[in-house]
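Undergrad: These are the residues of each chain, in order.
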Amino acid sequence: MSLANDAPRFRAGVILALFAMVAAPALLVIYQSVLDAPFFDDNVRFSLDAFRFVLTDPEFYRALWTTTLYAFGMVVVAVPLGGLLAFLITRTDLKGRKWLEPLVLVPMFLSSIVLAFGYTVSVGPSGFVTIAFKSLFGAAPWSIYTLPGIILIGGLSHVPTVYLYVASAMRRLPSDLEEAARTAGAGIWRVSLDVTLPMVLPALVFSAALNLLLGFETFGIPLVLGDPNGILVLTTYIYKVNTIFGAPTYQVMAAVTVFLILITLPLVFIQRRLLRHARRFAAVGGKGARTNLLRLGSTGQAVALGLIGLWLLVSVFFPVGGIVLRAFVENWGEGVRLTEQLTLANFKAVFEIPSLSRGILNTILLAGVGGAIAVAFYLLVGLAGHRNRGRSGTLLDYSVLIPRALPGLIVGLTFFWLFLFVPFLIPLRATLISLLIAYIIVGLSYGLRIIQSTLLQVAPELEESARITGASIYRSWRDVVIPLVKPGLAGAWAMIMIVFLREYATGVYLMSSGTEVIGSLMVSLLTSGAMDQIAALSFISIALTAVGLTLALRLGAKLHD
Amino acid sequence: MITRRHVVAGAGALTAAAMAGNRPALAQGIPAGYSADYKDLVDKAVKEGAVSIYTSTDDVQGRPLIEAFRAAFPGIRVDYNDLGTNGAYNRVISEAAAKQVGSDIVWTSAMDLQMVLVSKGQAETYKSPEAAQLPAWANFNDQLYATSVEPVAIMYNKSMLGALKPPQTRAELIAFLQTNKETLKGKVASFDPEKSGSGFLFFNNDARTTTDTWELVKAFGGTDPKVYGSSGAMREKIASGEHWIAFNLIGSYAIEWAKKNSNLGVVLPPDHAAAFSRVANISKGAPHPAAARVFLDFLLSQRGQTAMAGSGAPSIRTDVSEGLNIAKLNEMAGGKLKPIPVSAALLEASDPKTRAEFFQKWKQALRG
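Note that the protein sequences, when read in sequence, are chains H and L. Here the numbering used here is used: position 415 in the first sequence is 415, and no number is missing along the way. Positions in the second sequence are counted from 1; adding 1000 to them yields the numbering used here.
Hint data in this document are derived by calculation from the structure and do not stem from the laboratory. Note that CB positions come from ideal geometry on N, CA and C, so glycine has one too. There are no misleading hints in this set.
With a straight-line cut-off of 30 Å between C-alpha atoms, the simulated DSS-like cross-links for lysine-lysine are:
no. : chain 1 : residue 1 : chain 2 : residue 2
1   : L       : K1165     : L       : K1181
2   : H       : K240      : L       : K1181
3   : L       : K1336     : L       : K1165
4   : H       : K134      : L       : K1165
5   : H       : K134      : L       : K1158
6   : H       : K240      : L       : K1120
7   : L       : K1044     : L       : K1127
8   : L       : K1336     : L       : K1260
9   : H       : K240      : L       : K1363
Short, incomplete list of chain H residues facing chain L, as computed with Cβ under 10 Å:
no. : residue
10  : F40
11  : S126
12  : I131
13  : E334
14  : L356
15  : E516
16  : T527
17  : M531
Just chain L, same shape as in the assembly:
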């Protein structure tokens, strides 16, 4: 399956380049492969004039996508609200209760919270014409779509690690933390599952899908561990040498950072290549329903995905040549990339009992 996809990706890249040359701007026409009446939807969307996005993708990273969308649909203004995962969720349920829905698209990395919104009936059902281009696990009942594939990674500071050989696999990481326990005191960082939804998603998924997660957390606990609420905060501390190595941070960011700073090293451990996705839905009762649909389609389209991949969110499509895509990532992970599927199983993560059990184990293991 992987090889086939990879071939498709190569071919796709060529076509994309060719197409980009021939057709510089879409200019509110119908994208190729869409049904003829899509023009009506675009006309309606232009009449609505705006699309409102609630997201956790910050303005810096989201900007290329928004600019690409503006170029394709100059008549539709984008109101981009970076609210964070919790902030977006909070605003959506509050506005729904007040009957003043303000969001057209909710697009965040909190896969579990997004699934809660779907289960609460806050998502519109819409079959995107791009749906056929996505893997099956990336579309939940035409209500929630995965828009990226972002693996977790190990990142380290080359000069600080010095003679220590950076671990290349999950198993090596555990051994690395155990044997260098004393040297690494206060030098190891990871995501905080208590403060960060992404952190919880990663570790909880690890605990469910692998057998050595608690062993890893225990080894981490032995190093006087430091936990952070964002990958960016970890980057700052790794790059400055305050910490030497971090694991379970967002790999796509790490790869971008390592490109700009040669002192940073990144490993996508092939024996544990979990990946999460930013997921998007159309809000129930969206104030600009047509524009919402047009935006979602664009987000999943080759052009939208190309813009996203260019700013560090690897594409879920195999026909995007910019940056990374799902096929390339899979290759880097030795064919063992394991994206977290967009499914009802995500709801478990917001079940109070699951969480309480998880945190109990987490705290116990972290004591070393």
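Pulled out of the complex, with its shape left as it was, chain H reads as follows:
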């Protein structure tokens, strides 16, 4: 029997509400881009001047080109490495792979601003690693402020994203094909190149497309590492056109965002198509296929562990070490004796200043309670789209795409306006609810993906048998689907919590006195350059994320779907 026509009102209602939530910011951006003043200005007129400005500005083309290089460069770095890590951890008998997995994912849980700061303190020109290296070898032949340096850092920090997708595809792969090849005498590399690789190719291509998309949206790393050298990407270009005219010129910001949407929407679209294929592909293996692990041998073990160790050193230890160090000192760098600099003053300031300590509480509240509300919302949306092959299902697919194409800073700004100008939303503006709504939208595609994959694990026979015995669709959801996915929901909650902890751009315009959040406070402090407090907040943010991640693993969150 078909379930598609069940509960049409519920499905349509939820999906339309979601569509309104995601379409409003996008429409506002498009509308603002064709005006000659802020949309609320009394003398505002239609005008294409903003587009004219952008299209005749050589900086825009430079930023576009840099962004393209950055995005593709990131893919070139992240996809092979992520794929290799996934292979080693899921398909081989690598030692210690159980505890390596959460470690490998760490860069994904840190906001890119925090990562970038960490890198300047560790491997910047005066970083502690650079200085140590120099004293050993005479010179340190790298620079993190060049485009290749920024691309490498961006790429390394996106390895976990690739890892997640490829590892989950590899886990679903039955090992009989590999074993067949092994018995026929093929070596381990032959097997992985000729058997494993083709089987996970869809996942690799998909994660490449995803990384390309993330590359176009990237903000924190180029902001911290590229800006002083004049290396601009599209998102930092948006940031700059906001100040270059003196007074903020929203129409130009909006016009650049429209270009960003035009670039990213096709990418998102391609990615969706690929995902559909990837899912079908993975289904070939079915569940419960036993996986036998490839043996690496002792040389293989050493090489693999060395490689992973090196990657961990560069991608986890360098940035996190940099932040931890900076949080406990006031001065660092060449000629500075760190032991004389150790201090808790940075943290003292954070806890003494009401807005900063409130920001920590608000962030915990927003991530914990807000995360739970977000999961409930994503579950509603997930159910509305569950086995929904109708038109509302297609609308849902597209609604999820829209926020992907908007930078968090812009989502925050448009929500600030919506809460200011839409009458029934006004009372919510100065509360954490306004931030929560914006966060739910920003986290939508990620959150929904977790929920959907959990929902898909419920075999349709269970729901169908409930229906046949006379249960309504709601009853089948309440009594069959939801109880079955409950453990998955707890894990999803923890993951969303981490995503909300990490977020920084969305709150910049939305937060007010009383609703500060850590990530956006760091951006505000960045404009005045209060590095002491930024470092302390970064450290606290990392600590909270570690707690969240531990909680997630305890609750049985699956880091892979």
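Mind docking chain L on chain H? Use the hints.
TA: Just chain L, lined up with the frame of chain H:
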């Protein structure tokens, strides 16, 4: 004029100390020298219960002022919003258009944007009883008040410069950058006028008031220049040795930092001692109009200025002994301190044509 002010400052300091001993807390009474009906205003302000500040002065630096205000007026809660210069401007015009004004005081370092707000009719006219204590250039039509005097400075890393003699004047700086061009590659930093409103204010003011600005930018351009959006970011890089010297950063911060880190050197070049101010206005239609007035008066008062000067924003009053004040700064700059006046001329900085011309010249000069 300067010497007279300096004498006044010395005398003021003594009186301030004496007064602080006699009268520890104002406790919602009438400050000395205010008219008798000021008590009504304070009563109203207490009834309003809160004052909302939109500012670009971060929470760390603003805290001493807020605490001093709380101590003086325990009945008035302070909602302090550090939004940055652009963020504050954005929120004010958006809220005005939505008829939901949320700010009582707008207090930022973007002198030009603040003047735009005044010209758009977003500022209330209010003659502060403290106005008489301020220099004439610090008060624009009782609508926009300068609350600090902050010179631009040169800051350098002593051990990194090593044998190179740090430049003491603007002219020496130009020569320094030219002659040591190769040695200084990638080691010189300054404010970014494109990303930072303060950066634009400094360089544009330089270009208007001096003849050698473009020569300086050109010399800077020859060193593979690095530009930053904040003084704090420059401090981080100078202190770590990544850069050796920076110019046009906020001098009052630099002086504070140099006190804590003996490896940092600061020069206020006497041949070019421009200074900007954090400026404040009362928002049109402020939700707490009385509290807004009380806060503005406090901000300009000796106590408020003392608190501010203690956290690195030198006082515009000569009778503040804490930290630096306008008279001391002038003395340090050899009597040639040139504050940017709060005047309608600031509007020029937000004129698209002025800006386009400036940036064209800037980019050209920066190519070296």
